[in-house]
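Visitor: Residue strings, one per chain:
There are 2 protein chains.
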Amino acid sequence: MPRLVAEEKVEHEEEFRVGRLLPSFEWIKKAWRPSEDDLLSYSGLDAVVFMRIFTFGLRVFRFAVIVGILILLPFNYAGNQLSIDFSDLPNKSLESFSISNVDDGSNRLWIHFCAIYIFTAVVCYLLYIEFDYIASKRIAFFYSSKPKPDQFTVLVRSIPITPERSFSESVESYFSEYYPSSYLSHSMVRRTGKLRGLVNKADKAYKKLVHLKSKNDEQQRYTRSGCLGLCGRRIDLEEYEKSLEDMEHNVMTERSAIVGKEVAAAFVSFKSRLTAATVIHVQQRLKPTEWVTEQAPDPQDIYWPFFSSLFFTKWLSNIAVIVAWICITLLFFIPVAFVQGLANLDQLERWFPFLKGLVEMKVVSQVVTGYLPSLVLDLVQSLVPPVMILLSSIQGYIAFSKIEKSACIKLLWFTIWNVFFANVLSGTALYNAEIFLEPKNVPAILAVAVPGQASFFISYVVTSGWTKIFSAKLFRLKPLIWSYVKGILCCNSDEEHEVPSNPYHSEIPKILFFILLGITYFFLAPLILPFVLVYFCFGYIVYRNQLFNVYKPKFETGGKFWTVVHDATIFALILMHIIAIGIFGLKKVPIASSATIPLPILTLIFNSYCRRRFLPSFRGYPAECLINKDRMDENDPSTSSFFDELGTAYRDPAVKSRRDSRRSESSDSPLLDRYNV
Amino acid sequence: MPRLVAEEKVEHEEEFRVGRLLPSFEWIKKAWRPSEDDLLSYSGLDAVVFMRIFTFGLRVFRFAVIVGILILLPFNYAGNQLSIDFSDLPNKSLESFSISNVDDGSNRLWIHFCAIYIFTAVVCYLLYIEFDYIASKRIAFFYSSKPKPDQFTVLVRSIPITPERSFSESVESYFSEYYPSSYLSHSMVRRTGKLRGLVNKADKAYKKLVHLKSKNDEQQRYTRSGCLGLCGRRIDLEEYEKSLEDMEHNVMTERSAIVGKEVAAAFVSFKSRLTAATVIHVQQRLKPTEWVTEQAPDPQDIYWPFFSSLFFTKWLSNIAVIVAWICITLLFFIPVAFVQGLANLDQLERWFPFLKGLVEMKVVSQVVTGYLPSLVLDLVQSLVPPVMILLSSIQGYIAFSKIEKSACIKLLWFTIWNVFFANVLSGTALYNAEIFLEPKNVPAILAVAVPGQASFFISYVVTSGWTKIFSAKLFRLKPLIWSYVKGILCCNSDEEHEVPSNPYHSEIPKILFFILLGITYFFLAPLILPFVLVYFCFGYIVYRNQLFNVYKPKFETGGKFWTVVHDATIFALILMHIIAIGIFGLKKVPIASSATIPLPILTLIFNSYCRRRFLPSFRGYPAECLINKDRMDENDPSTSSFFDELGTAYRDPAVKSRRDSRRSESSDSPLLDRYNV
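Listed in order, the protein sequences are those of chains F and P. If you want the numbering used here, it's the 1-based position in the first sequence plus 31. If you want the numbering used here, it's the 1-based position in the second sequence plus 31.
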C-alpha cells in the first residue's frame with residue numbers, strides 16, 4: 032500500500048507480523064465503504080471516471096447476462112445443428128450453447144435478431160447517460176477546483192525567428208501589445224537536455240554520497256532499512272566528494288549557458304481564464320502554423336525531454352509515429368500466430384515434427400492448450416505499453432496525461448487487432464490484413480471465424496482477467512520482488528518509496544477489451560457473459576482498493592479518458608453488428624441479415640450525435656464557467672499571491688534549482704546547499 | 032450586359048443597331064485590360080478567386096501540354112501494341128496516341144512514370160503557392176474592408192426554452208451579464224414564413240396595379256419597354272385596389288402577430304470584433320448543443336425561409352439531406368447509362384432491336400455517336416444544380432453563400448461520379464457501385480476502363496466546354512429568350528432588370544471537372560490536353576468579361592470557394608495515381624506499379640499539411656487582425672453611426688417594412704406609402 036505508506040497513515044516501523052501476509056477480507060469492506068465523492072476528493076476525477084468504466088461494464092453485462100443466459104442460451108441449446116457428432120460431446124459442449132447450434136434458417140434466429148437490437152439500444156442508452164454524467168461531473172469539478180496555473184496559461188509553440196529580437200522579446204511584445212489588460216507574464220522553454228543529464232548525474236552521485244555517509248555515521252539506519260547493506264563497496268569518501276564538486280561546477284556553467292538556449296515555445300500566463308481560452312481558440316497570427324496555441328498542462332504534468340517546439344517537426348514526427356505504430360500493430364501478429372499455433376496442437380505438430388512425442392503426452396497437451404497461449408500472450412503484451420508510451424512521447428505531446436491518453440488509444444487498437452482479430456483470423460486463415468481489402472467478404476469471414484474462438488476467449492477472460500491482473504495488482508508481487516532484488520544488489524534500500532500512479536494507458540485498454548469481448552460474444556456465445564460480469568465485479572472492488580490505497584494521481588485530465596471508452600464501446604457494437612450480418616447470412620436468414628444493416632448505421636449516427644453533444648465539453652470549459660470562476664477569484668483575497676506564484680510556475684525543473692522539491696526537502700547538509708546554487 | 036444596364040453605364044434608350052448583333056472582338060480587349068485589383072474592387076474577392084481557378088488551370092495545363100505533347104505523345108505513337116489491326120486505323124487513330132499503344136513491359140513506361148511524379152510535384156507546388164496567395168489576399172481584403180455588420184455579429188441558435196422568460200430576454204440577460212463591456216444589441220429571428228408569403232403576394236399585386244395604372248396614364252411607357260404590352264387583360268382598377276387593401280390589412284395583422292413568434296435564434300451584435308470571435312470560438316454555455324454560435328452572414332446574404340433554429344432538427348435534416356444526396360448521386364447513373372448506350376451503337380441495337388434500320392443510316396449514326404450523348408448529358412445535368420441548391424437549403428445553412436458552397440461541393444461529387452465514373456464504367460461494366468466494395472481491384476478496373484473513354488471525353492470537352500458553355504454564357508441566349516417570352520405572355524416587360532449573380536455552385540464544378548479530366552488523362556491520352564488548355568484560355572477571357580459586365584456579386588465569402596478547388600485537384604491527382612498503378616500493372620511493369628504507391632500517400636500528406644497550414648485562415652480571421660481593425664475603428668469618427676445602424680441591420684426584411692429597398696425606392700404614390708406602414 033505505497034500511497035498510505037508515503038502519506039504515513041500506516042506507520043513505517045510497524046512490526047512485521049505474519050498475519051499481515053495472510054489473506055484478509057477486511058479490505059473489501061474498506062474499499063466498498065467510501066462514496067464516489069470521497070474518491071473524487073481523494074484521487075481526482077480521473078479515478079472516478081476510471082471507476083465509472085466498471086460501473087458501466089457492470090450495468091451492461093448485468094443486462095446482457097439476463098438476456099443472454101435466460102433467453103438466448105436455452106434457444107441455442109435447444110437447437111440441433113451440431114448434434115450430429117454426439118460422440119465428440121465433451122469437446123463440443125461449449126459450442127452447443129452458442130449460436131452455431133441453432134438450425135440453419137430457423138425462426139429462432141429472429142430472437143437473436145431482436146436481442147441484438149434491444150441490446151444495442153440499451154448499451155447506447157447507458158453510454159449516453161454515462162457521458163452526460165461525466166460531462167456534468169467535469170464541470171462541477173472545475174467549479175470546485177482552486178485556481179490552478181494551467182487554467183491561466185497557454186503554451187505557444189512555433190514562434191517564428193525574427194532577426195532583430197529574441198523569442199522572449201517577441202512573445203513579450205506581442206502579448207503586451209494585443210492583450211495589455213490581462214497579460215501577466217511568460218516563461219520561455221529552454222533546451223535543457225544536457226543540463227538535465229548533468230543534474231541527474233550529480234543528483235545520483237549526491238544521493239550515493241549521502242548514503243555512504245549515513246552508513247559510516249549513523250549505524251542505526253541498518254536496522255531500519257532491514258536490508259543486506261553490508262555488501263556495499265567501500266570507496267574513498269573524499270574522492271567522491273571531489274568528483275561531485277566537479278559535477279556541480281558543470282551544472283552551474285551549463286545552467287548559466289542555458290539562458291541563451293531558448294526554444295521557439297513559451298508558457299504565457301494571463302490574469303483571466305477567458306483571455307487564456309480566447310488565445311487558445313482564436314488563431315493568433317496570420318500564419319496558422321506559427322504561434323500555435325494550446326492549453327498548457329499542469330506544471331507537474333509537463334514532460335520536458337521531447338519538447339518539439341516547431342509546428343513542422345511536430346507534424347512530421349506525428350506522421351512518422353503513426354506509420355511506426357501501424358507497422359508495429361500489423362507485424363505483431365507473428366508472435367500471436369505462434370501462440371495460436373500452440374492452441375492448435377495439430378498445427379504445432381505439423382510445424383515442429385520433432386515435438387510430436389512430447390505433444391502427445393496428456394499433461395503437456397493440456398498445459399499447452401489450456402494455459403500457455405494466454406500466458407505467452409500476456410507476456411509479450413506486457414512489453415507493448417512502454418513501447419506505446421515511447422511512441423506517443425516522440426509524437427510531441429507536452430504532458431504526461433496526453434502521452435498516456437494517446438498511448439491508451441494506441442494500445443487499445445493494438446489489443447483489439449492483435450488479441451482479437453489475430454486470434455480469430457489466424458485460426459481460420461493466416462492472410463489477416465488482406466481480407467480487409469475486400470469489405471464485402473468481411474462479415475462472412477468474421478461470422479465463420481469469431482464463434483469458433485469462443486472457448487479460447489472464455490479461458491482468456493479467466494486467465495488474463497480474473498487471476499493474473501487482479502492477483503498481480505492486489506499483491507503487487509512484481510514491484511515487491513523488484514525492490515527486494517534492487518535492495519540486495521545496490522544497497523539503495525533507503526530510497527524513498529515512490530508512490531505509483533495508475534497506469535491508465537495499460538489498464539484501460541485491458542478493461543475495454545473485456546467489454547469488447549462481452550459485447551461481441553453477447554449473442555454468439557452467451558456463456559462468456561457470466562465470466563465477464565464476474566470480472567467486472569472483481570475489478571470494481573479491487574480497483575477501488577487500488578485507487579484508495581496504492582495509486583496516487585500523477586495528473587488530472589478532468590475525465591478525458593472517457594472518450595476512449597465511448598469510442599471503444601461503439602466500435603464493439605459495430606463489430607457485433609457486422610458479425611451478426613455475417614451470421615444471419617450463413618444461417619440462411621437473409622432477411623434478418625439485411626435487416627441488421629441499418630443497425631450499424633444508426634449506431635454511427637448516435638455516435639456522431641454524442642460527439643457533437645459531449646465532446647466540446649471535454650476539449651475545454653464553456654465561457655460561462657470561465658467567466659464565473661474569474662469573478663469568484665476577483666473576490667478572493669488569495670488570488671494576488673496566486674498570481675505571484677504563477678509567474679514562476681512554468682520554469683523547467685532543471686533550471687529552477689531552489690524549487691526542486693525532492694532535494695530541497697532534505698537540504699540540511701551544507702554541501703547540498705552549496706550544490707543547489 | 033445586365034450589370035452595365037442596371038448601373039446605367041450603357042444608355043437604355045440606345046437605338047437598335049444591327050451591328051450590335053454582329054460579333055465584335057472589342058470586348059476581348061476590354062476584358063483583358065483591367066488588372067486583378069480592378070476586379071477585386073469591382074466584384075469582390077470571390078470573383079478574383081474564381082478567376083484564379085482559370086489562372087491555375089492555365090499554369091497546370093501549360094506545363095502538362097509541354098510534357099504531354101512533346102514527350103509522352105511521341106513515345107505513345109512509337110509504340111506498336113495496337114498496330115495489329117491497321118485496317119481499323121481511322122477508328123483507332125486516337126488510341127494510337129494514348130498509352131494503350133505502348134508495348135507491354137516496355138521500358139518507355141518509365142518515362143510515363145517519371146512524368147507522373149514530376150507532374151504531381153508541379154501541381155502540388157502550384158496548389159501551394161495559389162493557396163498561399165489567396166490566403167494573403169483574404170487577409171488584405173479584410174484589412175481594407177469597411178466595418179461590416181457581419182464582422183461584429185454572432186448568430187446564436189438553439190437557445191433553450193425557459194419557462195419564466197422569453198428567448199429575447201434570456202439572450203439579453205446572458206450577454207449583458209457575461210459580456211457587459213462589449214455587448215451592443217440583439218435581434219431575434221422570428222417565424223415569418225406566412226408574413227413573407229403575404230408580403231410577396233401584396234407586392235406582386237401592387238406591382239401589377241402600378242403597371243396597369245401606368246398603361247392607362249402614361250402612354251409613353253410603351254415605347255420605352257418596346258414590348259407587346261397591348262395584349263394585357265383589362266381588369267377593373269378599383270376592384271384591384273380594393274383587393275390590395277385587403278392584402279395590406281392581412282400583412283399588418285400578421286406583422287403585429289409576428290412579434291410573439293420568436294424562434295430560438297438571435298443575431299447578437301458586439302462592439303468589438305475580438306469579442307465576437309471569442310463568442311464564436313469558445314463554447315458559451317454548459318451544453319454544447321445549446322447556445323450554438325456561429326459567424327453571422329452579411330444581412331443581405333441571409334436566407335430566411337429554411338431557418339432551422341434547433342440543433343437537433345438541424346443535425347437530423349443534415350443527415351437526411353446527406354442520405355438524399357447520396358441516393359440522387361448514385362441512382363442518377365440510370366440516365367447516364369442510357370446516354371452511354373447511345374454512344375455504344377452496338378449496345379443500342381441490342382437493347383432496342385427495332386431501331387436497327389435507323390441506326391444503320393450513316394447520318395443518324397454519326398449524330399447519335401457524335402453529339403447526342405453530350406447534349407443529353409448536358410440537358411439532364413442542367414436540372415441538377417437547382418436540386419442541389421434545394422438540398423443544401425434544407426440542410427439548414429443560414430446564408431446564400433454557404434448554401435452555394437455546399438451545393439457546389441455536392442454538385443462537384445455528383446459530376447465526378449455521374450459524368451466521369453458512370454461513363455467510364457458503364458462502357459465496360461454496369462455494376463458501378465459494387466466494384467468500389469473491393470478496393471483491391473479498383474486500380475485494375477479503372478486502368479482498363481478509363482483509357483477507353485478518351486475519345487468520348489475529348490468530344491465532351493469540345494461540345495460541353497468550348498461551344499455550349501461559352502456561347503450560352505456570352506450571348507446569354509437563354510435569359511434573353513426567356514425574358515422575351517415572358518414579356519409577350521405576361522406584359523411584365525417593364526419589370527426592372529434583375530442583375531444575375533455568378534452561379535458559383537454550378538460553374539465551379541464544371542471548371543473543376545475539366546481540371547479533373549486534364550489531370551486524369553495527362554499520361555493516358557495527352558491528346559486531350561490541348562483541348563483543355565484551349566478551354567481554359569477561352570474561359571479566362573469570357574469569364575473576365577462576364578464578371579465585369581454581366582454578374583454582380585450577391586455575397587462575399589472572402590475566397591472560401593478556393594478550398595473546394597484545392598480538394599478537387601488533390602482528388603484528381605490521386606485518381607490519376609490509382610489509374611497509373613493499375614496501368615503499370617496491366618502493362619506488366621510491376622515495379623513501376625509498386626513504385627507509384629507512395630505517390631498518393633505523399634499527396635495526401637501534402638494535402639493534410641495544406642489543410643493545417645491554410646484552412647484555419649479560411650474559417651475566420653486571426654486575433655491580430657481583429658484587434659488591429661478594432662483599434663482602427665476606435666480612431667474613426669464614423670464608427671458610432673455604424674454601431675447605431677448595426678442594431679437594426681439584422682431584422683427580417685419581411686418585418687422591417689420601411690427599409691425594404693425595392694419598394695421604398697419607387698415609393699412616390701400615396702397608396703404605396705399607406706401600404707408600407
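Don't read these hints as lab results, they were simulated from the structure. Don't take every hint at face value.
Put simply, identical chains are the same to the list, so a pair is met inside one copy or across any two.
As the list claims (entries may be wrong) - In silico DMTMM-like cross-links for lysine to aspartate or glutamate, where the CA-CA straight-line distance does not exceed 25 Å: (1) K235 x D277; (2) K177 x D675; (3) K583 x E655; (4) K302 x E208; (5) K585 x D332; (6) K318 x E195; (7) K471 x E276; (8) K318 x E655; (9) K225 x E272; (10) K302 x E655; (11) K345 x D661; (12) K177 x D134; (13) K541 x E279; (14) K168 x E200; (15) K318 x D163; (16) K179 x D134; (17) K318 x D68; (18) K585 x E276; (19) K302 x D661; (20) K318 x E67; (21) K177 x D69; (22) K273 x E655; (23) K177 x E208; (24) K541 x D598.
What you are looking at is a predicted structure, and each value in this text was computed from that prediction instead of being measured.
Visitor: Please work out whether the CA atoms of K318 and E655 approach to 25 Å or closer within one copy, between two copies, in both situations, or in neither?
Guide: Classified as between: cross-chain Cα gap 11 Å, same-chain 29 Å, threshold 25 Å.
Visitor: With identical chains, the pair K302 and D661 could be close in the same copy or across copies; at 25 Å between alpha carbons, which is it: within, between, both, or neither?
Guide: both (9 Å within a copy, 22 Å between copies)
Visitor: Treating 25 Å as the Cα threshold, decide for K225 and E272: within, between, both or neither.
Guide: Only inside one copy: K225 and E272 sit 22 Å apart there, 91 Å across copies, limit 25 Å.
Visitor: Within, between, both or neither: how does the pair K235, D277 come out at a Cα-Cα threshold of 25 Å?
Guide: Result: close within a single copy only, 14 Å intra versus 95 Å inter.
Visitor: How would you label the pair K585, D332 (within, between, both, or neither) given a Cα cut-off of 25 Å?
Guide: Answer is within: at 7 Å inside a copy they meet the 25 Å cutoff, but 52 Å across does not.
Visitor: Using 25 Å as the alpha-carbon threshold, which applies to K471 and E276: within, between, both, or neither?
Guide: Close neither inside one copy (70 Å) nor across copies (66 Å); limit 25 Å.
Visitor: When no copy is specified for K585 and E276, does a C-alpha distance of 25 Å or less occur within a copy, between copies, both, or neither?
Guide: neither (33 Å within a copy, 76 Å between copies)
Visitor: With identical chains treated as interchangeable, where does the CA-CA distance between K541 and D598 reach 25 Å or less: within a copy, between copies, both, or neither?
Guide: This pair counts as within: shortest intra-copy Cα distance 15 Å, inter-copy 40 Å.
Visitor: Using 25 Å as the alpha-carbon threshold, which applies to K541 and E279: within, between, both, or neither?
Guide: Neither. Shortest intra-copy (45 Å) and inter-copy (72 Å) distances fail the 25 Å Cα cut-off.
Visitor: When no copy is specified for K168 and E200, does a C-alpha distance of 25 Å or less occur within a copy, between copies, both, or neither?
Guide: neither (41 Å within a copy, 29 Å between copies)
Visitor: What label fits K318 with E67 when the C-alpha limit is 25 Å: within, between, both, or neither?
Guide: Cα proximity of K318 and E67: across copies only (24 Å, versus 46 Å in one copy).
Visitor: At most 25 Å between alpha carbons: which applies to K179 and D134, within, between, both or neither?
Guide: Classified as neither: same-chain Cα gap 63 Å, cross-chain 71 Å, threshold 25 Å.
The structure does not agree with the numbered hints 3, 7, 11, 12, 13, 14, 16, 18 and 22 stated previously, though it agrees with the rest.
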